[in-house]
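*Asks:* Those protein sequences? They're chains Z and D, same order as listed.
What the first sequence shows, in my numbering, is residues 1 to 125, in sequence order.
What the second sequence shows, in my numbering, is residues 126 to 510, in sequence order.
Treat the hints with care, as some may be off.
Unchecked claim - Taking CB as the label site, the calculated pair distances span:
| # | chain 1 | residue 1 | chain 2 | residue 2 | range |
| --- | --- | --- | --- | --- | --- |
| 1 | D | K181 | Z | E46 | 48 to 56 Å |
| 2 | D | F165 | Z | K27 | 41 to 49 Å |
| 3 | Z | Y44 | D | T162 | 54 to 62 Å |
Stated by the list, open to error - The list that follows gives simulated cross-link-like pairs (lysine-lysine, PhoX-like), each with its CA atoms no further than 25 Å apart:
| # | chain 1 | residue 1 | chain 2 | residue 2 |
| --- | --- | --- | --- | --- |
| 4 | D | K228 | D | K306 |
| 5 | D | K181 | Z | K19 |
| 6 | Z | K124 | Z | K39 |
| 7 | Z | K108 | D | K271 |
| 8 | D | K370 | D | K309 |
| 9 | D | K181 | D | K271 |
| 10 | Z | K27 | D | K328 |
| 11 | Z | K27 | Z | K95 |
| 12 | D | K309 | D | K270 |
| 13 | D | K273 | D | K378 |
| 14 | Z | K19 | D | K233 |
| 15 | D | K413 | D | K399 |
| 16 | D | K224 | Z | K19 |
| 17 | Z | K49 | Z | K27 |
| 18 | Z | K39 | Z | K49 |
| 19 | D | K320 | Z | K19 |
| 20 | Z | K72 | Z | K49 |
| 21 | D | K230 | D | K270 |
| 22 | D | K309 | Z | K95 |
| 23 | D | K399 | D | K347 |
| 24 | D | K320 | D | K394 |
| 25 | D | K228 | D | K270 |
| 26 | Z | K108 | D | K186 |
| 27 | Z | K108 | D | K230 |
| 28 | Z | K95 | Z | K72 |
| 29 | D | K347 | D | K370 |
| 30 | D | K370 | D | K399 |
| 31 | Z | K19 | D | K309 |
| 32 | Z | K124 | Z | K108 |
| 33 | D | K306 | D | K233 |
Unchecked claim - Chain D regions said to be covered by chain Z (calculated; three or more residues, Cβ under 8 Å):
| # | region |
| --- | --- |
| 34 | 265-274 |
| 35 | 383-390 |
These aren't lab readings, by the way, just hints derived from the structure by calculation.
It should be emphasised that the depicted structure is a prediction, and the values quoted were computed from it without experimental measurement.
Each residue gets a CB set at the ideal place from its N, CA and C atoms; glycine is no exception.
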Amino acid sequence: MATNGTQILLIDDDELILKVINRILQKEGYVVTTASNGKDALEYLERDKFDLLITDLMMPYSNGFEVISRFKQHPNAAGVPIIVISSVGTENAVKEGLNIGADDYLRKPIMPDELLIRVRRLLKK
Amino acid sequence: MLLDSLFGPFFRKYFYYYDSYPIVIQIAILLTGVAITTTFIAYSSILTRRANGYLKDVRSKKINQFLDNLITDHIIFNEDVMNGISPQEAILDITPFTKPVFKQKWVKQALIDRLIYFSQSFSGDRNVLFRRLFMELELEKLSFKKLKSISNSTKIVGLVELTSMGIAVADVIILPLTNSKNRKLRSEARIAYIKLSKNDPFKFFDDATEPLLLWDQLELYKIITTTEGLTIPNFARWITYSPNKSIVSFCLKLVIHYNQHEAIPAIVKLLSTKDHYVRADAINCLGKLKADSVEEHLVSIYNNQPLRCQLEILKALGRFGTGRQINFLRSEFLRSNDFDIKKNAARSLINHGMQTKEIVQQLIDTASPDNAIILKHCMNPLIKY
């Protein structure tokens, strides 16, 4: 499968979401690294450079908010866009997610086409 | 003798002296034997179950992997939908789902479970395709079959499957279940009815004889307020006619949520009901709807009410905030010895805002230490009214 070299870190504890979104993004040519919890994600962040972060909020070990704030503080991650995907759709959660530094917030259940559009839009910026 | 009659010469061979033992020892040996055998059977059974469970898990994992790939390939990556064709008109190739492996009942069930999981995880056009696949494979027949089962838990599974896939169920099947003696089944049937019946989703309120428990009310409230496209009726209908008190109470909550001012006359009639719990709920509802036309009436009945209703009247006066009952609230705060009455009268006074600013200050200046604490507590904006 041909890739366009864009590195995406995808974090979600739901195996199905992880698997399906991974395939959707790979089909578009993105190089996807998946993590099923915040702790693994933070290890990947230390090791590799990413062009986009897609993360869930409610996860074991380190939650999405923690991952975002650590990601934001990382010197290699300056200006890297973040998309939150979460089943927590309350006004407060959306506000908190965007306040902490997320560029976009998608509520679960996810529309695959909408996710792709948002990924493309953020990567263009 | 005992063992001899049970097991014959075989046992005699191994326990030659058994007969010469005292009867107590004989019984002890027998019981020890039974205990050892039972333990062995129990452990074997546990091990067998665990092994079967493990094999089932492995099998499920394998089939789920296979099903996930199949659903992703044919639904998520459906070419027509990806090219902008509407999901109703898109070509849906079901042949991969009709392979011999799908003839097995457990595989069909696994497919139902995965389709439900997918439809809960992904929305939009794909959801229409999940439903189409479910229907075209006639999986709904299996779910309907479950509704006819004797077991309540199987019926619940069937209901959940049909609700998750948005398959309509005839009233004649589902309505009796909304009044089932089994709490869980009743609750699921009511949820299913609201979700699936778009035109008259509250019809089951008409014949509900079983109570709507508080937990069920919470569940239903969540479903009602989050389901899109639901036809919302005038809940005054049940407030007036329903003999089921829990339905009346629940309808009062819905009236508040949907701000149905047209239900006020029906709620006012409840002020003369004998059940003081329902009466308190009605007063609460009037307060939240800010139906200040009943303010005088509430004050006039105040002294004849039980504490629960008195507290609701005090809260309602604060919610109306007309300023006409400031003296009444002030006198209740000063006169009453009941802490809850004092607290609610104070809160309602403070809730009048600028109208009562001076009076509240006066009360603080002249109040006893206890009263001053209550007033200061009620003035804290972080404490919800």
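*Asks:* Confirm or reject each hint.
*Replies:* Hint-by-hint comparison with the structure:
1. Between K181(D) and E46(Z) the Cβ separation comes to about 40 Å, which falls outside the hinted range of 48 to 56 Å.
2. The hint said 41 to 49 Å for the Cβ distance between F165(D) and K27(Z), and at roughly 56 Å that hint is violated.
3. Between Y44(Z) and T162(D) the beta carbon distance is about 56 Å. The supplied range of 54 to 62 Å therefore holds.
4. Between K228(D) and K306(D) the alpha-carbon distance is near 36 Å, which puts this suggested pair outside the 25 Å criterion.
5. For the hint linking K181(D) to K19(Z), the alpha-carbon distance of about 22 Å falls within 25 Å, and the restraint holds.
6. The straight-line distance between the Cα atoms of K124(Z) and K39(Z) is roughly 29 Å, outside the 25 Å bound, and the hint therefore fails.
7. Between K108(Z) and K271(D) the CA atoms are separated by roughly 29 Å; this puts the pair beyond 25 Å, and the hint is violated.
8. At most 25 Å may separate the alpha-carbon atoms for a hinted pair to count; K370(D) and K309(D) meet this at roughly 20 Å.
9. The straight-line distance between the Cα atoms of K181(D) and K271(D) is roughly 22 Å, inside the 25 Å bound, and the hint therefore holds.
10. The hinted pair formed by K27(Z) and K328(D) fails the criterion: a straight-line CA distance of about 48 Å is larger than 25 Å.
11. Taking the CA atoms of K27(Z) and K95(Z), the gap is near 32 Å; set against the 25 Å cutoff, the hint is violated.
12. Restraint check: the Cα-Cα separation between K309(D) and K270(D) comes to about 19 Å, which is no more than 25 Å; the hinted pair holds.
13. Simply put, K273(D) and K378(D) have alpha-carbon atoms about 34 Å apart, too far for the 25 Å limit, and the pair is violated.
14. Using a Cα cut-off of 25 Å, the hinted pair K19(Z) and K233(D) holds, with the two alpha carbons roughly 22 Å apart.
15. Only pairs whose Cα atoms come within 25 Å are accepted, and K413(D) paired with K399(D) is accepted, the gap being roughly 22 Å.
16. A threshold of 25 Å between alpha carbons decides the hint, and for K224(D) with K19(Z) the separation of about 24 Å falls inside it, so the pair holds.
17. For the hint linking K49(Z) to K27(Z), the alpha-carbon distance of about 21 Å falls within 25 Å, and the restraint holds.
18. Simply put, K39(Z) and K49(Z) have alpha-carbon atoms about 17 Å apart, close enough for the 25 Å limit, and the pair holds.
19. With a CA separation close to 30 Å, the supplied pair K320(D) and K19(Z) exceeds the 25 Å bound.
20. As the CA atoms of K72(Z) and K49(Z) are separated by approximately 13 Å, the hinted pair is consistent with the 25 Å bound.
21. Taking the CA atoms of K230(D) and K270(D), the gap is about 13 Å. The hint holds against a cut of 25 Å.
22. Proximity of K309(D) to K95(Z) is assessed by CA-CA distance (about 36 Å); at most 25 Å being required, the pair is judged violated.
23. Using a Cα cut-off of 25 Å, the hinted pair K399(D) and K347(D) is violated, with the two alpha carbons roughly 30 Å apart.
24. Taken as a hint, the K320(D) and K394(D) pair is broken in the structure, with Cα atoms around 31 Å apart against an allowance of 25 Å.
25. The straight-line distance between the Cα atoms of K228(D) and K270(D) is roughly 17 Å, inside the 25 Å bound, and the hint therefore holds.
26. Of the supplied pair hints, the one linking K108(Z) and K186(D) holds, its CA atoms being roughly 24 Å apart against a limit of 25 Å.
27. Distance hint between K108(Z) and K230(D) is unfulfilled; the C-alpha atoms sit about 31 Å from each other, more than 25 Å.
28. Between the alpha carbons of K95(Z) and K72(Z) the distance comes to roughly 17 Å, so the proposed pair stays at or under 25 Å and holds.
29. A hinted pair counts as satisfied when its Cα atoms are at most 25 Å apart, and K347(D) with K370(D) qualifies at roughly 20 Å.
30. Restraint check for K370(D) and K399(D): the C-alpha separation of about 11 Å stays at or below 25 Å, so the hint holds.
31. Taken as a hint, the K19(Z) and K309(D) pair is broken in the structure, with Cα atoms around 34 Å apart against an allowance of 25 Å.
32. For the proposed pair K124(Z) and K108(Z), the alpha carbon gap of about 24 Å is at most 25 Å, so the pair holds.
33. For the hint pairing K306(D) with K233(D), the CA-to-CA distance comes to about 31 Å; that exceeds 25 Å, so the pair is violated.
34. Counting residues of the region 265-274 of chain D whose C-beta sits closer than 8 Å to any C-beta of chain Z gives 0, which falls short of three, so the coverage hint is violated.
35. Against chain Z, the region 383-390 of chain D contributes 0 residues with a C-beta closer than 8 Å to a partner C-beta. That does not satisfy the three-residue criterion, and the hint is violated.
Of the numbered hints stated above, those contradicted by the structure are hints 1, 2, 4, 6, 7, 10, 11, 13, 19, 22, 23, 24, 27, 31, 33, 34 and 35, listed in ascending order.
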